[in-house]
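Participant: When you get a sec, could you build the whole thing from the sequences and use the hints?
Just so we're aligned: 174 in the working numbering is position 84 of the sequence shown, and the numbers increase by one with no gaps anywhere.
FYI, nobody ran anything at the bench for these hints, they're computed from the structure. Take every hint as true, because none was put in to throw you off.
Listed next, the in silico EDC-like pairs over lysine to aspartate or glutamate satisfying Cα-Cα at most 20 Å (straight line): (1) Lys110 with Glu170; (2) Lys134 with Glu149; (3) Lys110 with Glu200.
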Amino acid sequence: MFPKQTVIGIFVAKAVPQIKINRSDSSRIGYAVVPSILIRSNIKFLKDIKVSLSHLQIESKITDVESNTRPSPLLVVSGESMRTLNKLIPDFYSSNKDWQQFKIILSMMERKEHLTLSGLETIMTMKGIL
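Facilitator: Below you can see the structure in the form of structure tokens.
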């Protein structure tokens, strides 16, 4: 098990914050914004991180193989657990553009801006889709 500060350091150094935009018939605008935080590494290391996260009341999932093209193990934090973990990550990582954008998009989601067409367009522009 890793201490809390070590877990934060691991996520700052190794994690990839990810925002997916999926087609959704249940959404009023036809799309859903799905945030998650990923770590790719060896299975033993990921299991140790998972235990450490559970002690912080953060749920995570480990997948042995991410996909056919990327056969490495993957730890995923999503949903409310992802929001809890995101609050642990300090805001001062100005050099990491991915974390900056991730935090901005999560704050937009907390304000429900992602449910509007203009909010979705802003997110898509940030991701370089538009």
